[in-house]
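If you read the sequences in order, they're chains A and B.
Numbering that gives the first Met the number 0 numbers the first residue of the first sequence as 0 and each following residue consecutively.
Numbering that gives the first Met the number 0 numbers the first residue of the second sequence as 0 and each following residue consecutively.
Derived by calculation from the structure, the hints in this document are not laboratory data.
No residue lacks a Cβ here, since even glycine has one placed at the ideal position from N, Cα and C.
Hints may contain errors.
From the structure, some residues in chain B lie toward chain A, with a derived Cβ separation under 7 Å [unchecked claim]: (1) Thr-40; (2) Met-129; (3) Glu-133; (4) Pro-239; (5) Asn-271.
2 protein chains.
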Amino acid sequence: MSTAQELDAIGIERLREAGSLKWSAFPEAIGAFVAEMDFPTAPAVADAVKNAVDAGLTGYLPAAVRTRMAEATARWQRDRYGWEVPPERIRPVPDVLTALRTTIDFFTAAGSAIVLPTPAYMPFVTIPAMHGRETVEVPMLVEGGRHVYDLDGIDRALADGGGLLILCNPYNPLGRVFEREELEAVAEIVERRGARVFSDEIHAPLVFAPHRHVPYASISPAAAAHTITAASASKAWNLPGLKAAQVILTNDADVEMWARPEVAWAEHGTANLGVVAATAAFDEGRDWLEETLAYLDGNRRLLGDLLAEHIPAMGYRAPEGTYIAWLDARDLGIDGSPADFFRTRAGVAMTDGIACGAAGEGYLRFILATPRPIIEQAVRQMADALRDHAAR
Amino acid sequence: MSTAQELDAIGIERLREAGSLKWSAFPEAIGAFVAEMDFPTAPAVADAVKNAVDAGLTGYLPAAVRTRMAEATARWQRDRYGWEVPPERIRPVPDVLTALRTTIDFFTAAGSAIVLPTPAYMPFVTIPAMHGRETVEVPMLVEGGRHVYDLDGIDRALADGGGLLILCNPYNPLGRVFEREELEAVAEIVERRGARVFSDEIHAPLVFAPHRHVPYASISPAAAAHTITAASASKAWNLPGLKAAQVILTNDADVEMWARPEVAWAEHGTANLGVVAATAAFDEGRDWLEETLAYLDGNRRLLGDLLAEHIPAMGYRAPEGTYIAWLDARDLGIDGSPADFFRTRAGVAMTDGIACGAAGEGYLRFILATPRPIIEQAVRQMADALRDHAAR
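Required output: the full structure, derived from the provided sequences and hints.
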């Protein structure tokens, strides 16, 4: 049986029984709202975790285990993106959001605003306020049908007191994989304004050919000097609950700052089994990832075909990376939240775009990392609900 | 083979190879400096974690899995300590220190000092400064050979701007298990001064008869109203690297405060497999714990016998709870740090008491949760080093 057939065969009943967040939060609806995969992680990753348990690796995180993850991350960055990073500059953190919070607290000018291209990953919209910081949303522009940075808007926001620009590449929720020239244009502005960049690259392993991930900090010495990069195996190998990610430091001053105990505290919550899983994913999970990417590639095309056939008024452009689909529901004739409409009327639970910032109003965030028959069922249910709605 | 024989048979070579933090940080020395056990966790716990991996529980933490840990914690608190806590008031956090940091930030008067009986668990000494708070150390008193709270000192510190009293019961590093009357005396002072208590009860499962753990918040409605309790399976079942602990809320105002997103953020880093492990520990790890406690009981007595025979000048009182021995090295004729002396001259790595606060100067913190032959070897090596030292 091929991988695609195996994944196709994972039914809703089995997913409900396994009880992931996606399939338990809304027991009446198809779960498509949280960016996790409905497929088991790579066997090599699962085996590594189970072996670590058998070896008794449940105590405090040993240095050698940390180091192995840093080395595996460095190999991955080098082999996959051509970026050479010294392992000693790769630090363990529990998750990307902890990396962001640490960046805001210790690597930006006190009180400076956080500049956020939108629509954005939902917590990016709300976290700055927890640190007493203003979030300045800079909506993305559309050019030739694809989303691009509003460079003038970013420039103005940084000139107007912005201290940190949050980048997300590959872009959650828009699915863009930025080209080197686009990143260079951003870096020029950030450098001119003396600001910092937090580059969330958690989706980097999830890029569809011919697109290629370019690590933002790798594009120039200037970008390396103003950037803190967050990486993780958690999206591509479906490990968010295991709590391990990597911060990549790319200048001496940041390394020195990270050495301070109150900053290095960010490492404290990193879980052993997450570290072991990430190490195995980067080193031994590569073939599995290729198969999974091929399946996801089919999913992003299938969704396009299904929408064109059943809900042609729904706007959709297949993501270049990530397993997140950004759906434009503005022309569907729905009053109020389209997510509420489809959850209650169609039994499909998605994230409302408004949670991604004001620019997301009228949009939906649909997670593609699910068996294809479930995508078909979701689109069918959505189309039926729209038909019922129109018939009233 | 009995459990004791199995545990006795775990040799240093095997521990080095397994590579725990304790046995890898100082490759030349016996590891006795970090509070983790050299024994594998309960088979029921290891099985639960491996089954969760097989079931694909690597995505975001599902509500049902959180709830199961809360229910298991409630059963444990009820069955073990006679304390009835509603499961919905038990919240997941990655670790006790995250609970403390959240308590300081959101449950104490802004800018108020943190009152800390000392010697204390090392991070308690340093964390308040990370929050811009002063730490007021209140050294414990000795009465009839055992450590007791300096009630007048605590009273003065709270009167003098202290907003939070950190309790640790069973007491790391002193090994005290406080009696109800002692806790009542503390509660009366805290209540009179309008302060809060953070009660670290991470060692509660590790109590030797005839001592009994009394949850601080359980002693009176007043104590419940001013306390935030932190519990965990991580010490007793050796799971610190799996990142799960429990905050027990015992008043409506705290429940309301915890519901705020910036407060509930404390839950964010809790790792699925830690939650699964804690659930299994509290529910299915009880027999294993009894056997382990019996072994540790032997260890604390053995250490006393060995010290009396080989290093009679070393002060030691067997802990009533925890697997931490607090050794008084002040009469050994050592200049400078006794931990440095024993690590470099005896090949035994312990924590220097000074890291536990000024009151710890001249003391050592030795972790007892190790095979008995290793305790014997450690004491022998320490006695030899002292003999060499005296002969110079």
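Checked hints:
Taken as an interface hint, Thr-40 (chain B) checks out: its beta carbon lies about 5 Å from the nearest beta carbon of chain A, inside 7 Å. For Met-129 (chain B), the interface hint holds, the least distance from its beta-carbon to any beta-carbon of chain A being 4 Å, beneath 7 Å. Because the beta carbon of Glu-133 (chain B) sits about 15 Å from the nearest beta carbon in chain A, more than 7 Å, this interface hint is broken. Given the 7 Å rule on beta carbons, the hint for Pro-239 (chain B) holds: about 5 Å separates it from the nearest Cβ of chain A.
Taken as an interface hint, Asn-271 (chain B) checks out: its beta carbon lies about 3 Å from the nearest beta carbon of chain A, inside 7 Å.
Checked against the numbered hints above, the structure breaks only hint 3 and satisfies the rest.
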